[in-house]
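Given the coordinates of chain A, assemble chain B onto it according to the supplied hints.
Going down the list, the sequences are from chains A and B. Numbering of the first sequence is given in the working numbering, commencing with residue 573 and proceeding in unit increments. Numbering of the second sequence is given in the working numbering, commencing with residue 227 and proceeding in unit increments.
Rather than coming from a laboratory, the hints here were simulated on the basis of the structure. Just so you know, not all the hints are guaranteed correct.
As the list claims (entries may be wrong) - Not the full set, but computed from the structure, chain B residues with beta-carbon under 7 Å of chain A:
hint : residue
1    : P265
2    : G268
3    : P269
4    : L271
5    : M323
6    : F326
7    : G327
8    : G329
Heads up, the beta-carbon is just placed ideally off N, CA and C, and yes, glycines get one too.
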Amino acid sequence: DAGITQSPRHKVTETGTPVTLRCHQTENHRYMYWYRQDPGHGLRLIHYSYGVKDTDKGEVSDGYSVSRSKTEDFLLTLESATSSQTSVYFCAISGGVGTYEQYFGPGTRLTVT
Amino acid sequence: TQLLEQSPQFLSIQEGENLTVYCNSSSVFSSLQWYRQEPGEGPVLLVTVVTGGEVKKLKRLTFQFGDARKDSSLHITAAQPGDTGLYLCAGAPAGNMLTFGGGTRLMVKP
Numbered sequence: 573d574a575g576i577t578q579s580p581r582h583k584v585t586e587t588g589t590p591v592t593l594r595c596h597q598t599e600n601h602r603y604m605y606w607y608r609q610d611p612g613h614g615l616r617l618i619h620y621s622y623g624v625k626d627t628d629k630g631e632v633s634d635g636y637s638v639s640r641s642k643t644e645d646f647l648l649t650l651e652s653a654t655s656s657q658t659s660v661y662f663c664a665i666s667g668g669v670g671t672y673e674q675y676f677g678p679g680t681r682l683t684v685t
Numbered sequence: 227t228q229l230l231e232q233s234p235q236f237l238s239i240q241e242g243e244n245l246t247v248y249c250n251s252s253s254v255f256s257s258l259q260w261y262r263q264e265p266g267e268g269p270v271l272l273v274t275v276v277t278g279g280e281v282k283k284l285k286r287l288t289f290q291f292g293d294a295r296k297d298s299s300l301h302i303t304a305a306q307p308g309d310t311g312l313y314l315c316a317g318a319p320a321g322n323m324l325t326f327g328g329g330t331r332l333m334v335k336p
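Excised from the complex, chain A in its bound form:
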């Protein structure tokens, strides 16, 4: 199994509070991704990174920011959580784009009350 961990695995927070989710990899892969998964929508890309300090927006980036200060860590921040951000968040890594396999972490279940 690819070495990807996510923390926390579960979190309940209140509307308006900041939240940071962490993804850590031990595979030295260049690309890292944050997705959210909601019923009927599959996986939707929030942000991705193609190197240290190199990030770009995905399909559903509003309300989220990311940072990557080290190859192994990719942080997702919800500056002011809203109930619409209740979801399961997955981190993934890959060696490249296109045909490259993505390896997924175990997910973080976030509930915003």
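Below, chain B alone, put in the same frame as chain A:
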């Protein structure tokens, strides 16, 4: 509207039955991937198809990429309870970021 449409969304069958899941798009993809996701876990890659018309077999699973590289199918022969899960297709149009279909949730009853 999603770039990749999967059908059916839900499928409940008895052990031993055959089934086919479809992944369709109006866009051309350089490749398509199929992932399986079990409850509480992240998706795991099953196969990547890259050539139009390509057929790949993985034990009881057969994957096909359409000739025009706009669609794909997953056929499971003699389904088993261990096949239960969420099946996701994913493609990267023109080398862009991978985009996922909405998924097919399969339940195989013993």
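Consistency of the hints with the structure:
For the restraint placing P265 of chain B at the interface with chain A, the shortest Cβ-Cβ distance is roughly 10 Å, beyond the 7 Å limit, so the hint is violated. Given hint, G268 of chain B at the interface with chain A, holds; its Cβ is 3 Å from that chain's nearest Cβ, closer than 7 Å. Hint status for P269 of chain B: holds, given a least beta-carbon distance of 5 Å to chain A, under 7 Å. Residue-level restraint check for L271 of chain B holds (minimum Cβ-Cβ distance to chain A is 5 Å; threshold 7 Å).
For M323 of chain B, the interface hint holds, since its Cβ comes within 7 Å of a Cβ in chain A; the closest pair sits about 6 Å apart. A cut of 7 Å between beta carbons decides the hint on F326 of chain B: the least distance to chain A is about 4 Å, and the hint holds. Checking G327 of chain B against chain A by beta carbon gives a least distance of about 5 Å; that is within 7 Å, so the hint holds. This hint holds: G329 of chain B has a C-beta 5 Å from the nearest C-beta of chain A, less than the 7 Å allowed.
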